[in-house]
Structure formats: C-alpha cells, structure tokens
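Chemist: Residue numbers (the working numbering), protein chains in the order written: chain A, 1 to 261; chain B, 1 to 648.
If you're looking for bench data, these hints aren't it; they were derived computationally from the structure. Small disclaimer: the values here were computed from a predicted structure and weren't measured. From the three backbone atoms N, C-alpha and C, an ideal C-beta is built for every residue, glycine too.
Below, a sample of chain A positions facing chain B; criterion: calculated Cβ distance under 10 Å:
(1) V139
(2) E140
(3) I143
(4) R199
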Amino acid sequence: MSKKKIGDVILDVNNISLRFGGVKALSDISFDVREHEIRAIIGPNGAGKSSMLNCINGVYKPQEGSITFRGQTFKHMNSRQVAELGVARTFQNLALFKGMSVIDNLMTGRNLRIKSNLLLQALRWGPAEREESEHREKVERIIDFLEIQAHRKTPVGQLPYGLQKRVDLGRALAMEPQVLLLDEPMAGMNVEEKQDMCRFVLDVNDEFGTTIVLIEHDMSVVMDISDRVVVLDYGKKIGDGVPDEVRANPDVISAYLGTSH
Amino acid sequence: MQTTFPRLLLEHAAKRPTAPAMREKEYGIWQSIDWRGMADLTSHIAAGLHQLGLRRGEHLIVIGANRPRLYASMLAAQALGAVPVPLYQDAVAGECVFPITNTEVRFVVVEDQEQVDKMLEIRSQCPLLEHILYDDPRGLRNYDEPGLAGLQEVIAAGAVFVQQHPEFFKNEAEQARAEDVAAMFYTSGTTGNPKGVVHTHASLLDRAAAGARFDKLTESEEVLAYLPPAWIGQNIFSYAQWLACGYVVNCPESTATVTIDLKEIGPTYYFAPPRVFEGLLTNVTIRMEDAGALKRKLYSSFMEHAKKVGPALMDGKSIGAADRLLYALGNLMVYGPLRNTLGFSRVRVAYTAGEAIGPDLFTFYRSIGINLKQLYGSTETAVFVCLQPDHEVRADTVGVPIDGVEIKLADNGEILVKSPGLLKEYYKNEKATREVLTPDGWYHTSDAGFIDASGHLKIIDRVKDVGRIKGGANDGALFAPKYVENKLKFFPYIKEAVAYGDGRERVCVFINIDLEAVGNWAERRNLPYAGYTDLAGKPEVLQLIKGCVEQVNADLSRDALLAGSQIHRFLVLHKELDPDDGELTRTNKVRRGFIGEKYAVLVDALYGGKAEQFIETQVKFEDGRTGKVSATLKLLDVQTYANVKAAA
Numbered sequence: 001m002s003k004k005k006i007g008d009v010i011l012d013v014n015n016i017s018l019r020f021g022g023v024k025a026l027s028d029i030s031f032d033v034r035e036h037e038i039r040a041i042i043g044p045n046g047a048g049k050s051s052m053l054n055c056i057n058g059v060y061k062p063q064e065g066s067i068t069f070r071g072q073t074f075k076h077m078n079s080r081q082v083a084e085l086g087v088a089r090t091f092q093n094l095a096l097f098k099g100m101s102v103i104d105n106l107m108t109g110r111n112l113r114i115k116s117n118l119l120l121q122a123l124r125w126g127p128a129e130r131e132e133s134e135h136r137e138k139v140e141r142i143i144d145f146l147e148i149q150a151h152r153k154t155p156v157g158q159l160p161y162g163l164q165k166r167v168d169l170g171r172a173l174a175m176e177p178q179v180l181l182l183d184e185p186m187a188g189m190n191v192e193e194k195q196d197m198c199r200f201v202l203d204v205n206d207e208f209g210t211t212i213v214l215i216e217h218d219m220s221v222v223m224d225i226s227d228r229v230v231v232l233d234y235g236k237k238i239g240d241g242v243p244d245e246v247r248a249n250p251d252v253i254s255a256y257l258g259t260s261h
Numbered sequence: 001m002q003t004t005f006p007r008l009l010l011e012h013a014a015k016r017p018t019a020p021a022m023r024e025k026e027y028g029i030w031q032s033i034d035w036r037g038m039a040d041l042t043s044h045i046a047a048g049l050h051q052l053g054l055r056r057g058e059h060l061i062v063i064g065a066n067r068p069r070l071y072a073s074m075l076a077a078q079a080l081g082a083v084p085v086p087l088y089q090d091a092v093a094g095e096c097v098f099p100i101t102n103t104e105v106r107f108v109v110v111e112d113q114e115q116v117d118k119m120l121e122i123r124s125q126c127p128l129l130e131h132i133l134y135d136d137p138r139g140l141r142n143y144d145e146p147g148l149a150g151l152q153e154v155i156a157a158g159a160v161f162v163q164q165h166p167e168f169f170k171n172e173a174e175q176a177r178a179e180d181v182a183a184m185f186y187t188s189g190t191t192g193n194p195k196g197v198v199h200t201h202a203s204l205l206d207r208a209a210a211g212a213r214f215d216k217l218t219e220s221e222e223v224l225a226y227l228p229p230a231w232i233g234q235n236i237f238s239y240a241q242w243l244a245c246g247y248v249v250n251c252p253e254s255t256a257t258v259t260i261d262l263k264e265i266g267p268t269y270y271f272a273p274p275r276v277f278e279g280l281l282t283n284v285t286i287r288m289e290d291a292g293a294l295k296r297k298l299y300s301s302f303m304e305h306a307k308k309v310g311p312a313l314m315d316g317k318s319i320g321a322a323d324r325l326l327y328a329l330g331n332l333m334v335y336g337p338l339r340n341t342l343g344f345s346r347v348r349v350a351y352t353a354g355e356a357i358g359p360d361l362f363t364f365y366r367s368i369g370i371n372l373k374q375l376y377g378s379t380e381t382a383v384f385v386c387l388q389p390d391h392e393v394r395a396d397t398v399g400v401p402i403d404g405v406e407i408k409l410a411d412n413g414e415i416l417v418k419s420p421g422l423l424k425e426y427y428k429n430e431k432a433t434r435e436v437l438t439p440d441g442w443y444h445t446s447d448a449g450f451i452d453a454s455g456h457l458k459i460i461d462r463v464k465d466v467g468r469i470k471g472g473a474n475d476g477a478l479f480a481p482k483y484v485e486n487k488l489k490f491f492p493y494i495k496e497a498v499a500y501g502d503g504r505e506r507v508c509v510f511i512n513i514d515l516e517a518v519g520n521w522a523e524r525r526n527l528p529y530a531g532y533t534d535l536a537g538k539p540e541v542l543q544l545i546k547g548c549v550e551q552v553n554a555d556l557s558r559d560a561l562l563a564g565s566q567i568h569r570f571l572v573l574h575k576e577l578d579p580d581d582g583e584l585t586r587t588n589k590v591r592r593g594f595i596g597e598k599y600a601v602l603v604d605a606l607y608g609g610k611a612e613q614f615i616e617t618q619v620k621f622e623d624g625r626t627g628k629v630s631a632t633l634k635l636l637d638v639q640t641y642a643n644v645k646a647a648a
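One chain only, chain A, in its complex shape (with noise of 0.2 Å):
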C-alpha cells in the first residue's frame, strides 16, 4: 500500500464558542484538519460534536470565534457558500427524501453544478438534456462505487437503515466534496455494515483524495482509520493528536470512564 500524504491545513477552527441561550454548547474551541487526511471528533454524548460540524457546515452560527477555508476566514457561513466551497455532510438521523428513489435523492446532491434551470428542464431542451446525462453518468458512478444498483429506482424510505446510510453517503459524494464531514455514519450498524462503510470511507479518502472530518462512537473504528483525532467534553476541547496519543490521554480516559465532579 502506498504511503498516503497528508497536505497542509485546508481547515482551521479558530476560537468556535457556541451558546444556546445558557447552555454553553462549544467553549473556545480550536483545531485544524490536514487535506487528505481523515480526522475524527470524538467525546461523549453531549460533548458538542454535532454542533462543531453544523458550525462549519453554516447551519449554526457561532457566537464568538472564526471558521478559516483554504486561507479565506469567514466570521459566519452560510450553508450554501460552504456547500459551494466544496464541503459536503452526512446526517446522523438521515435527512433522505424518503418518497423519491435512490437515484434522484443522489441527483439531488449535483444540485449546485446543474446550470440550466427549471424551465429548461421542464421543456427537455436540448442542452439541458446533456447536461442531464452528464450529471447522471456521474451519479452512476457513485452507485457503482457503493454498489446499490439493485436499488436505483426504489424509494428510499423502503430501503433498510444501513442502505439508506449509503445513499446518504452518496448524496454527499454526488457534490464531488473536497471536505466530507460524516456524522456518526456507523450508527446503527452491526459490524459487517460497519465494516463496509468503513471500506467505503477509506476508498473515498483514498481514490478521491476527499478530506475526511469524521464523528464517531466506535473507539475501533476511530483508532482504526482516523489519522488525527480531536476530543470534545461538555464543549470543551480536551484532546488533540494522533489516536495512540488521544487513547493515552489521562482526560479523554476519565472523560470516557468518568469521575465524580
């Protein structure tokens, strides 16, 4: 296997406190993510790793800190610049359409490429129509990779949780991300599916190079494919490194284990 390499910081986290009314959700928290590399949050339930990705993905906005993307520093996002930005997220509890089939959710997902509009569509005209094809061939492509062809046309709310966890998964392949940030994409599963979103995971980081931020519960699949771990509790950062130094961490243990406060 070839050595994978890890580039320059793409993300940096700068600062991030987050409040809901009195309840303090993130607390000055600061790291940054490496492109290519895969980095996990990690920390008990609570801990404010939902919250830390919906802050970069621009669907909270941060109270006091900044969010810095390829060198240009943003204060407050909004979801659809960092969608345009190259960002792509999976949801912990599936936000699927679940009426429509498994091809047109992950059509949805080239939603910002798709350049001709509604009225063009409607009437299949012409160029519409290639753009069409082009936008399908590649969400084929996707399908391939996670190997759902038996599903193309089903509806997803008919698929079992761990299909419909690939499909969501595939959506957010579909916008070509430079950063996929998952949330709990394991939950759920037992360990042959773990095992095959893991492969997937791995795969995509490998072939396509995507950044991979990452929130997980299973300690084995975190210290497992994670290059670089981040630990979080009660939104505090309580732990920054490479999973061997995070699993020696005296305060990720007792955090875990707990202690009486």
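Following the hints, complete the assembly by docking chain B onto the known chain A.
Modeler: Positioned in the frame of chain A, the structure of chain B alone reads:
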C-alpha cells in the same frame, strides 16, 4: 459441425459486423458490442496473451461472472490453440488450487479484486502461476504483485501488436481444427477431486447446433447470461450456441440485479434450474397474498382457468371457443402482466434441468403461456442428450433423444449414451475415463431410468444411489433417494431434503425448510421467529412439514415401483445445507455420503428411535471464518400407507 469457435467469430464479424453480439449493463445502461468489436477485442487480447507468452496446448483458467472481456479471453485462448478452463466464481480459494496445479497453468484471467485476492492467497501453493490478469480494476489501485496486471494493459499492448501484424489473429485462428480440444470443465464430483471434462470444438458445437435446430433458434434470440460460466450449460447457452447462431448474449450488472435485468432484456431463450422457477413462483404467491381482495379474486379465478386450458393450448390441442375467449381475457388481465413481471414476456423457449421439477410448478408456468420444457444431459455429454419437443411436454419426463443421440439401457437400468457430443476424456485421468467410456463409444451416465410408452426418457435416480430396503415389512423394495427427495422438494416449504434407507429397514429424511415460504407462512399465523434456526425448531412448523411428508407418503403408496420408499421418520435441520460447508456441490446437489458422516449423530438418533437429539455443527462463513450453530432437534414419526398396488 466441422468448424471452430474462433472461425465462427470471424465469420460473424465478416457477415454482420454491426449487429450486436454482446451487451453489458454498466452505469445503469446497456452497452453493446457488435461482432466487429468483439472480433477486434478478441484479437487484441490474443495478441497481448501471445506477447506474454501463452503457447499452444497450454491452459488458461478464467474465473468470474459473465463479462464480455472474459468471454473474449476464452475466444482469444482458443484462437491461440490454448484451452480455456472456467472455474466457479464463488469457490473458496482452497478449491481453486487443484484445478490450477492439475492443469499446470501459468495464466489466469479473473474478473475483479475478490478473485485476485483468492489467487494471491493460494499463490504459494501454485508455483507455476505467473500471470494474474484482471478485468475490473476497482480496489486494485494499490496492489503491487509480480505478474499482476489489468486486462486493459494486455489489450493495449495487443492492439499495438495487431497494428504491426494485421494477419496475426487470422493466421492463429485458422490453425485450430474441429477435433482440437476447445475447453475443459471441472465437474464438482460428490466424492474426491474434481475431474476435468475435456471437450473439443466438434463436440461442443455439434450439440450446440443440434439444440439450435431442435428449437429453431435464430440470430435474433436474446439470452441472459447469468449462470456461472464454469457450468457447461452456461457455456452451451451463452457461448457455443451464441457463436453457432450469432444471437445476442446479455450480461447482467451484478448478481443482485439479475431479476431487474431479466425484465429489461426480456430474453427469448432462457434456462434456469428448477429452484429458480420455484423461487419465482414463491415470490409471486407471497406478493399475491398481500394484494387487495379484488386482485386476489381475479388471480385465483383466472389461474384456475389457466390450469384447465393453458397447457392444452400450448400443446396445440383444440380448445372450445368460449374457453379460448376467456383465456384471451385472462391473458390481457393476468397472464400477460404476470409474464411481464417475471421478465418472461418474450420467452419462446425456456428450459430447466438438473433436478426433477414439481408437476404443480411445471403446470403453473405452462398455463400462463411460458413454454417451459425439460432437458437431460451432463457435462460429459455437452448437455443436450434429450429435449422435450414443444407439443409433448410433461412434468415427469426429460424428453426424447435428439439428433445424433442414441440411448440404450444396461441391465441394471443405467442409461448409456452415444453421441457426437461426448467428452474426449477426463483430463490426466485415464482410469476414470475408461470407467465411463467403453471402447465401442458408449458413455455410462450413472443415471438409472427407463423409456416410457411414448418414447420419453424418465429418470429414477443415480444408479449407485438406487438401493434396497433391508429387513422389515418392505424387505427388498426399491429405494430411490433422489426420487423421494424431489417429491419433498416439490412443496414450496421444503428447500432441500436428504433421504437415507439403503440397507436399512426404514427410510429417514433430513429436511431444510425454505426460509422465505415458511417465514411468510409463519407471519400469516402471527408466529414470531428469530431467524432460521428458531423458525426451523418451531412445533407449528414441524407439523406443517409433517403434513408435507405424509402427503409424499400417500403419493408414493400409489406408485407400483417405489411404494417401499415411504418415509418413516424425519427431522428439520437447524441450518441450511451449504456448498461452502461441503454439504452441497457447487451446482447445489446434495452430498448424501458427506452429510451422513457429518450428521452421523442425527442419522443414528433417527434410526435409534430417539425423540430428540442435540447437534452442534461448524459452519464456514463467506469470508472463510468458522463458527458454530447448535440446536436440539425434534425427531418425528410419520404415518405410512399400505401399498395401493402390490410392488412388482
């Protein structure tokens, strides 16, 4: 037929260069290759393999599903005078060692990463293996092994060579003669090492042509290639007959999409083993049970009519006008849409073989207008020995001997065949060859059977399995285990059965339930279950199966010859019999001896009269890991019936 595979390819490419030869579904759409394209691809691969050093007389092992480039590799090998040997793509790595060392191959062409991994795993046991060539590069990006290369590279190098030597392919192909060895197929023997069945261009193409004439196949047939290429039937339907007739072979996207692809293609000429037809019918029945009341009523009443009228219509018998009209209405409303859902709208001829097919199952398909017929043959006979003619189709026969075939029965009931399609020999196994091929050209099929009044062949069982009951009320009666097992498998609830009784006083049976059918049955009775083992142990399910066994007994009691084969005791196994565990062959035939040894404790318990027995078995998972499954099985007694007709 005095021609060869490569010559046929060149003829089609010359006469109909732009006609489609093969299609493959990739990225959601069917991509066609025409005959010109197929010939070019084959010549590039041949040139590439030649440059890598493949020589006349060598073998080339091919492992994968049906893919145009794997077929082209087989044709390329034949053009170079090498012998392609397809292996089962779902074989575990260890099973591939014998064929590779037996044929002393230096080259294998495989489909994808899964097969490459298997080859790398056993490489140390196959020192002669030099080149591993793969078709689909997915996942192989970071592999760095000596001799591992993509077919794409071979084709590119070959294309350059062909440009410099334009007559190369034609010259090589012209050297092949009809009596040269064209291919080899390993039969998954039920005992010992597999035997390599050697066939020539002549034997395969003769049978292919005979079958094509029998069913009037033309170049516009559409065939779906979904069965393993290692099985000779697949080779005959999608390779030999493909080249003999020049029709179109369609390769599905993956095993998971076969039913979808079947509907999209709408083949005109189709083959499937009986269990596939059973599975389709179970599917239809289950879905009909979920349908609304009106649809259910429509379905049941029209199916009644179809059973009455359909087979007769198909057989060309005369039907009253009113019946005909009603059938036409049924065709519009039920049979047509049903055929469409199954993917059989355009099927002109559908064959099944390999095991006996239940009469109800057979009637179902024929009654809705699908020309399902049976055939008889084997790897050693290049398949086509007997076929059922269109208007003489019955569930209990396998057809009449076709063009070129002579059949004779030995004293012990064994069927002997003489045909131009017979194997040349078993590879490197003179002893085995002499055991089945007599000097005067008769092949011993090791099947027992007889020819009935209408000239149709009926199969009883494997000769060596036909036994006798010893002792007790039925002493001396004929016991044909397969016959009994087949009757049990005609029920949708029973997936597999293994019968014991030779040399014993009574007949005892192991049964595997069909998870889908029984699961559905259980759900309709609000019977919860936690998986296969749990369902197989439920008392309600055991009673259901008991009912099926007793019905088989009632049926057997009416058979003059086999009334003594009635079943006395049975049990339902806690796990499905599986080829990966060595219990079934790769073509899903039971290995009665192996199963008897592995489950000896159960056999003893059945014959010892025990009411229940604990069993723990080792199972092998798909990735090679092993685990244990255990349960306490109940052993049940079954009612037998007095012989209605006295045994001969």
